[in-house]
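Keeping their order, the protein sequence lines are chains A and B. Just so you know, we're using UniProt numbering here: the first sequence kicks off at 1 and counts up by one. Just so you know, we're using UniProt numbering here: the second sequence kicks off at 1 and counts up by one.
Simulated from the structure, these hints should not be mistaken for laboratory data. In this text, all values refer to a predicted model and were calculated from it rather than measured experimentally. Think of the CB as a built atom: it goes at the ideal place given N, C-alpha and C, for glycine as much as any other residue. It is possible that some hints are incorrect.
[Said to hold, decoys possible] Here are some chain A residues the structure puts well away from chain B; computed CB gaps all over 10 Å:
# : residue
1 : 21
2 : 23
3 : 29
4 : 152
5 : 167
[Unchecked claim] List time: in silico PhoX-like cross-link candidates among lysine-lysine, alpha-carbon distance up to 25 Å:
#  : chain 1 : residue 1 : chain 2 : residue 2
6  : B       : 52        : B       : 80
7  : B       : 162       : B       : 80
8  : A       : 102       : A       : 26
9  : A       : 28        : B       : 52
10 : A       : 54        : A       : 109
11 : A       : 9         : A       : 102
12 : B       : 52        : A       : 33
13 : B       : 162       : B       : 52
14 : B       : 80        : A       : 26
15 : A       : 9         : B       : 52
16 : B       : 52        : B       : 96
17 : A       : 122       : A       : 109
18 : B       : 96        : A       : 9
19 : A       : 32        : B       : 169
20 : B       : 169       : B       : 96
21 : A       : 46        : A       : 65
22 : A       : 113       : A       : 102
23 : A       : 33        : A       : 46
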Amino acid sequence: MGANQSIPKITPQDRAILDLKLQRDKLKQYQKKIQVVLEREQAIAKAHLATGQKDRAVIALRRRKYQQSLLLKTDGQLETLEELVSTIEFSLVEVSVLHGLKQGNEVLKEIHKEMNIESVEKLMDETQEAREYQREIGELLANNLTADEEDAVQDELMQLQAEVLREESADGVELPSVPTHEPIAVENTPAVPAREETRERVALAA
Amino acid sequence: MSFSTFTTPTGFLLPSVHSAPPFFTQQPYPGTNATVTEQWITLILAYARHRKLFVLRVEDAEITDNDWQEVVRNERINRKLLPSYLSSIIATMVSKNLATYDPPGQTRSALLYWRLPEEWAEVLHGWAISTGQLNTILTFYEIADPPIPSPLSNIPINLLRKAIAVLAKTGRSQLIAVADGEGVRLFQGK
C-alpha cells in the first residue's frame, strides 16, 4: 500500500550484492569450523603424546598444519570477496552521487533559464520606475497640507509658547543668593540638635 | 525464617524469594500457583536479559552445568526446579506472549521475549541508523554476528525475522531472497 511506495525495487545488483555477502558469511562460518578443528587436532595430538603414541601425534599435527593452510587460503578469498563487496557498494554510492549532481545541474539550468540577463535588466528597470513613482506619490502626499491648516499649526505653536512663558512668570520663587564668604565652623552647636533628636526618638518609642 | 538476596557469580542479584524452599515447588492451589509462577516469569526474564539468553528449555531443569543453573537450582537450600514445573512456567509465558515455542510444534524449548519483537524491531532499526547501514543489504548472519558486538549479537534468526516483519509493516525493511539465502535492507522510514 502506501508504505510500499517508498521501498525501491529489488534490482539484479541487489541480488548480486546479497549473493556475495552470503558467500562471505559462508566463508566466515567455514573459518570458524576450521578454528574448532585446529583446536581439536591439537588436543588429539596432546592426548596421543601423553599415551606415548608419537606417530599418531605427528599425524594429528600434520592434519592440523593442513587445516591451517586452508584457513590461510580462505583468509585470502575472504579478502577478495570483501573487497569486491566494498567496491560494488562504493560504486553504487558513486552512481547516486552522479545522479545527485545531474539533478542539481538540471535544476540550476532551469533556474538560469528563468533569469536570463535581459529579463533581469528589464526587471531592474521596472523596479526603478516603480520606485520613482512611489517617491512622487510620497512627495505629493507630504505636501498635501492646505494653507489654512498650516496657519492653524502656526497658531497652535504660538499658543503653546505663550503658555510656557506665563507659567514661568507665575511661579517666580525667590532663591537665596550665593554666599559670598566661606562658612565658619561653630564647635558647640552640633551637640544641641543631637540631644533634640534623641528626645524625639524617645517620644516616638513611647 | 529470613530470606536474603544473593548475587550470583555472573553478577545477577537473585531476589530473596529465590532462597525460599517452597518457591521451587509447584503450588497445588491455582491462586498461589499463579502468584509464584508470576514471580518465576519475572525472574526468568530478568536473568535472560542480564545474560542475554534467548532460549529456555525444559531440559535446563534436568541437567546441571548450563546457562540457567544459577536460577533453576539453589544449592544453598538444596532446591531445584522440577522439569514439569518449568514446563508449566514456559506454557504460561507462551500464553502471555512473553515467549514462544521455537521451533513451533513442540513444548520443550522456547524463545524468550525479554524484548518483544516490536521492541527488537526498534533496536534493529536504531542499530542500523547508528552504524550507517540503512539502505545497505545485510545478511542475517551479519546482523546476528557482527564484527563489532551490538545489542543484536547472537539474536536467534527466528526472532530477527519477526523484528524485520514488524519493520516491514511500516515500510522500513525489505526482505531480499536469493537461491542461497536471505537478506534484508532497512530504510529510514517516515
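Here is what the structure says about each hint:
| no. | hint | result |
| --- | --- | --- |
| 1 | 21 | 5 Å, violated |
| 2 | 23 | 8 Å, violated |
| 3 | 29 | 7 Å, violated |
| 4 | 152 | 69 Å, holds |
| 5 | 167 | 75 Å, holds |
| 6 | B:52 x B:80 | 22 Å, holds |
| 7 | B:162 x B:80 | 33 Å, violated |
| 8 | A:102 x A:26 | 39 Å, violated |
| 9 | A:28 x B:52 | 23 Å, holds |
| 10 | A:54 x A:109 | 82 Å, violated |
| 11 | A:9 x A:102 | 22 Å, holds |
| 12 | B:52 x A:33 | 24 Å, holds |
| 13 | B:162 x B:52 | 18 Å, holds |
| 14 | B:80 x A:26 | 41 Å, violated |
| 15 | A:9 x B:52 | 36 Å, violated |
| 16 | B:52 x B:96 | 20 Å, holds |
| 17 | A:122 x A:109 | 20 Å, holds |
| 18 | B:96 x A:9 | 38 Å, violated |
| 19 | A:32 x B:169 | 35 Å, violated |
| 20 | B:169 x B:96 | 23 Å, holds |
| 21 | A:46 x A:65 | 15 Å, holds |
| 22 | A:113 x A:102 | 16 Å, holds |
| 23 | A:33 x A:46 | 20 Å, holds |
Hint compliance for this structure: hints 1, 2, 3, 7, 8, 10, 14, 15, 18 and 19 are broken, all remaining hints hold.
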